[in-house]
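Protein chains: 2
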Amino acid sequence: MAYLNENYLKLQAGYLFPEIARRVRAFCENNPEAAKRLIRCGIGDVTEPLPQAAVSAMKQAVGELGARETFRGYGPEQGYEFLRSKIAQSDYRDRGIEISEDEIFVSDGSKCDCGNILDILGHQNKIAITDPVYPVYVDTNVMAGHTGQVRNDGSYEGITYLPCTIENNFVADPPKEHVDVVYLCFPNNPTGAVASSERLSRWIDYAREHNALILFDAAYEAYIGDPAFPHSIYEIPGAAEYAIEFRSFSKTGGFTGVRCGFTVMPRSVRAKTGGDKSLPLHPLWHRRWSTKSNGVSYPVQRGAEALYSEAGRRQVQALIDHYMGNARILRDAATSAGFTVHGGTNAPYICFFRVSAFNSRENAEEVGQRLRMAA
Amino acid sequence: MAYLNENYLKLQAGYLFPEIARRVRAFCENNPEAAKRLIRCGIGDVTEPLPQAAVSAMKQAVGELGARETFRGYGPEQGYEFLRSKIAQSDYRDRGIEISEDEIFVSDGSKCDCGNILDILGHQNKIAITDPVYPVYVDTNVMAGHTGQVRNDGSYEGITYLPCTIENNFVADPPKEHVDVVYLCFPNNPTGAVASSERLSRWIDYAREHNALILFDAAYEAYIGDPAFPHSIYEIPGAAEYAIEFRSFSKTGGFTGVRCGFTVMPRSVRAKTGGDKSLPLHPLWHRRWSTKSNGVSYPVQRGAEALYSEAGRRQVQALIDHYMGNARILRDAATSAGFTVHGGTNAPYICFFRVSAFNSRENAEEVGQRLRMAA
Numbered sequence: 007m008a009y010l011n012e013n014y015l016k017l018q019a020g021y022l023f024p025e026i027a028r029r030v031r032a033f034c035e036n037n038p039e040a041a042k043r044l045i046r047c048g049i050g051d052v053t054e055p056l057p058q059a060a061v062s063a064m065k066q067a068v069g070e071l072g073a074r075e076t077f078r079g080y081g082p083e084q085g086y087e088f089l090r091s092k093i094a095q096s097d098y099r100d101r102g103i104e105i106s107e108d109e110i111f112v113s114d115g116s117k118c119d120c121g122n123i124l125d126i127l128g129h130q131n132k133i134a135i136t137d138p139v140y141p142v143y144v145d146t147n148v149m150a151g152h153t154g155q156v157r158n159d160g161s162y163e164g165i166t167y168l169p170c171t172i173e174n175n176f177v178a179d180p181p182k183e184h185v186d187v188v189y190l191c192f193p194n195n196p197t198g199a200v201a202s203s204e205r206l207s208r209w210i211d212y213a214r215e216h217n218a219l220i221l222f223d224a225a226y227e228a229y230i231g232d233p234a235f236p237h238s239i240y241e242i243p244g245a246a247e248y249a250i251e252f253r254s255f256s257k258t259g260g261f262t263g264v265r266c267g268f269t270v271m272p273r274s275v276r277a278k279t280g281g282d283k284s285l286p287l288h289p290l291w292h293r294r295w296s297t298k299s300n301g302v303s304y305p306v307q308r309g310a311e312a313l314y315s316e317a318g319r320r321q322v323q324a325l326i327d328h329y330m331g332n333a334r335i336l337r338d339a340a341t342s343a344g345f346t347v348h349g350g351t352n353a354p355y356i357c358f359f360r361v362s363a364f365n366s367r368e369n370a371e372e373v374g375q376r377l378r379m380a381a
Numbered sequence: 007m008a009y010l011n012e013n014y015l016k017l018q019a020g021y022l023f024p025e026i027a028r029r030v031r032a033f034c035e036n037n038p039e040a041a042k043r044l045i046r047c048g049i050g051d052v053t054e055p056l057p058q059a060a061v062s063a064m065k066q067a068v069g070e071l072g073a074r075e076t077f078r079g080y081g082p083e084q085g086y087e088f089l090r091s092k093i094a095q096s097d098y099r100d101r102g103i104e105i106s107e108d109e110i111f112v113s114d115g116s117k118c119d120c121g122n123i124l125d126i127l128g129h130q131n132k133i134a135i136t137d138p139v140y141p142v143y144v145d146t147n148v149m150a151g152h153t154g155q156v157r158n159d160g161s162y163e164g165i166t167y168l169p170c171t172i173e174n175n176f177v178a179d180p181p182k183e184h185v186d187v188v189y190l191c192f193p194n195n196p197t198g199a200v201a202s203s204e205r206l207s208r209w210i211d212y213a214r215e216h217n218a219l220i221l222f223d224a225a226y227e228a229y230i231g232d233p234a235f236p237h238s239i240y241e242i243p244g245a246a247e248y249a250i251e252f253r254s255f256s257k258t259g260g261f262t263g264v265r266c267g268f269t270v271m272p273r274s275v276r277a278k279t280g281g282d283k284s285l286p287l288h289p290l291w292h293r294r295w296s297t298k299s300n301g302v303s304y305p306v307q308r309g310a311e312a313l314y315s316e317a318g319r320r321q322v323q324a325l326i327d328h329y330m331g332n333a334r335i336l337r338d339a340a341t342s343a344g345f346t347v348h349g350g351t352n353a354p355y356i357c358f359f360r361v362s363a364f365n366s367r368e369n370a371e372e373v374g375q376r377l378r379m380a381a
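Chains as they are written, first to last, in our numbering: chain A, 7 to 381; chain B, 7 to 381.
Please note that a few of the clues may not be correct.
Computed spacing ranges between beta-carbons, pair by pair [what the hints assert, rightly or not]:
no., chain 1, residue 1, chain 2, residue 2, range
1, B, Q95, A, F88, 48 to 54 Å
2, A, G281, B, I172, 54 to 60 Å
3, B, R74, A, A317, 15 to 21 Å
4, A, N369, B, Q95, 44 to 50 Å
Below, a list of computed lysine to any residue pairs in the SDA-like style, where the Cα atoms sit at most 25 Å apart [stated by the list, open to error]:
no., chain 1, residue 1, chain 2, residue 2
5, A, K132, B, Q130
6, B, K132, A, K132
7, A, K42, B, K132
8, B, K92, A, P24
These aren't lab readings, by the way, just hints derived from the structure by calculation. From the three backbone atoms N, C-alpha and C, an ideal C-beta is built for every residue, glycine too.
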């Protein structure tokens with residue numbers, strides 16, 4: 007009989023969000039009256055329609071595939087040049103960050119990238135995560151065999167946990183000890199915290215000192231309204247040698263069901279062999295995509311491209327304004343209800359108990375009302 | 007400095023198809039006149055437009071995402087029920103094979119599935135592949151650390167190679183020795199060989215005797231015209247305990263750029279721990295998808311669903327007839343040119359030197375003409 011990957015047996019219960027869905031279903035079945043009024047504020051899933059710019063572009067792309075003269079088969083595994091160049095230009099070079107288009111890898115979402123990146127890293131790495139954390143970072147490391155067993159409190163042996171607390175404003179500082187790989191996410195999921203350049207600089211200093219690799223999840227960067235906060239880790243000098251950045255169109259273009267994101271893999275990021283030879287990671291990541299994928303659906307890439315058009319940008323901004331309007335309502339209501347509230351100003355998550363601002367305006371207002379009544 | 011996955015350093019050159027593309031580009035740059043007449047018959051990429059049923063369904067799905075009332079965010083990680091049930095019913099139960107919809111896992115393509123399946127398998131497995139072989143099977147095992155170094159002939163230490171030759175009609179028989187995991191692909195890429203029930207039964211007998219796991223790639227099953235040949239490994243009694251099947255919409259609906267395929271993971275397939283406890287693989291595969299993916303783009307899944315409509319089926323059949331018409335032209339021309347020809351009758355690949363039938367009719371005729379002239 008073939009051997010299975012025993013690391014999977016260390017995982018606790020199901021993956022968090024399907025497990026939440028299961029419990030909500032059970033609650034609704036047992037409480038049909040309450041179920042009618044249930045508003046889901048747990049999962050960060052968007053509710054508002056796709057920007058019309060993306061809708062038009064995707065329809066047109068589908069039409070192209072339906073005609074002989076404009077049909078396209080396999081695309082480049084790392085993404086079409088038309089999208090990679092838009093990303094590199096608009097999200098980076100226009101903001102003074104030197105990233106070239108071949109350092110952009112288009113994917114079917116940040117969640118996938120956060121897991122897949124482990125394909126090219128060694129098993130000897132000492133891993134650090136902030137706590138609380140997006141469960142994908144932990145679970146994919148468990149599955150890859152980078153941890154020991156689970157402890158009673160749900161944490162895993164072998165992982166360095168960096169507590170995010172009121173005291174550190176939910177932005178963990180680097181640890182005293184050595185780690186090889188650190189996951190950071192700002193604006194943070196789940197706390198809604200945002201990191202200043204000064205706080206991120208401490209991490210780049212740490213990376214330089216320890217030759218550590220930072221996996222920076224910037225899926226929520228578009229929700230930063232305050233110009234004082236950096237959108238990309240590469241705004242911190244030196245970061246292009248130590249950091250890989252993940253981004254997503256899920257929470258900008260409402261692409262949670264369309265599926266598109268990307269990784270920024272600078273050519274200057276290096277890692278080492280057991281024999282202490284150091285090599286750039288870019289060719290390994292390129293090879294991973296060539297071998298294990300045929301790239302992202304063509305119409306999806308055209309939809310993502312359209313988010314960078316003038317109309318697309320306006321429509322994306324309107325979506326962000328909408329959700330941040332929800333965040334304000336939820337923050338205000340929670341504050342008047344007497345909760346101490348974090349997040350929700352440069353991030354779509356509000357943290358007293360964690361509430362997601364991804365909802366219709368009507369639902370956000372109703373939740374606000376209920377919070378006030380609960381006070 | 008973080009450790010990289012050193013197994014990547016064992017890989018030979020680039021992944022095969024990007025490497026072919028690179029060499030073709032170089033040839034064309036150096037031979038601009040010849041380049042004008044170049045017809046690509048190497049890569050199995052389709053050339054004909056998407057079936058109109060898929061085009062309409064995808065456009066409609068994009069439209070749904072553009073309206074508030076019909077918008078959908080995150081879908082089920084394993085695929086929408088509407089598609090999984092169509093697949094289970096049409097591809098399996100209608101053909102007398104008991105597969106339930108929750109044994110179908112929708113993916114962004116067979117290439118990805120063939121690589122990702124290794125996530126849930128242990129590193130101790132002894133792997134067998136047929137030779138020649140679709141390079142993804144080998145390269146993903148190299149990357150996962152399941153092989154030793156490469157030999158001078160391009161083969162890897164630690165893999166059991168099963169030669170496919172004229173003598174065995176390009177269908178390898180099971181080896182004498184024990185292996186844990188076997189990759190089989192029929193109709194075969196690259197040889198165009200097809201396996202009878204009798205030949206596949208030998209493999210199921212082997213799997214039963216050795217408790218081996220068969221990874222069965224059926225991406226080209228739709229090209230089987232002769233009713234004597236099985237389309238699915240599950241047509242062989244007992245296979246549901248020993249085989250995982252991969253299928254693709256790439257070569258049926260022309261989805262090479264749209265990206266959709268699926269895995270069949272029967273609940274009855276088991277694997278073992280190092281401690282010799284045996285467990286079903288289905289929950290591990292389910293957990294892998296929940297943790298490392300958010301499923302396939304909604305419009306893409308609607309496009310795939312449409313291939314099962316009455317119009318969709320007709321249009322898919324027309325595509326297959328077209329490519330098999332090409333195959334006939336290429337076979338005939340190669341035969342008249344004096345080559346000994348294999349494949350191309352129940353498969354879209356013809357093997358003298360390997361030629362792909364995925365092309366326009368015009369190009370196929372021109373290649374046929376050139377072959378005759380070469381004779």
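Here is what the structure says about each hint:
| no. | hint | verdict |
| --- | --- | --- |
| 1 | B:Q95 - A:F88: 48 to 54 Å | violated, 39 Å |
| 2 | A:G281 - B:I172: 54 to 60 Å | violated, 44 Å |
| 3 | B:R74 - A:A317: 15 to 21 Å | holds, 18 Å |
| 4 | A:N369 - B:Q95: 44 to 50 Å | violated, 36 Å |
| 5 | A:K132 - B:Q130 | holds, 24 Å |
| 6 | B:K132 - A:K132 | violated, 29 Å |
| 7 | A:K42 - B:K132 | violated, 54 Å |
| 8 | B:K92 - A:P24 | holds, 23 Å |
Figure legend: structure checked against the earlier numbered hints; hints not met, in rising order: 1, 2, 4, 6, 7.
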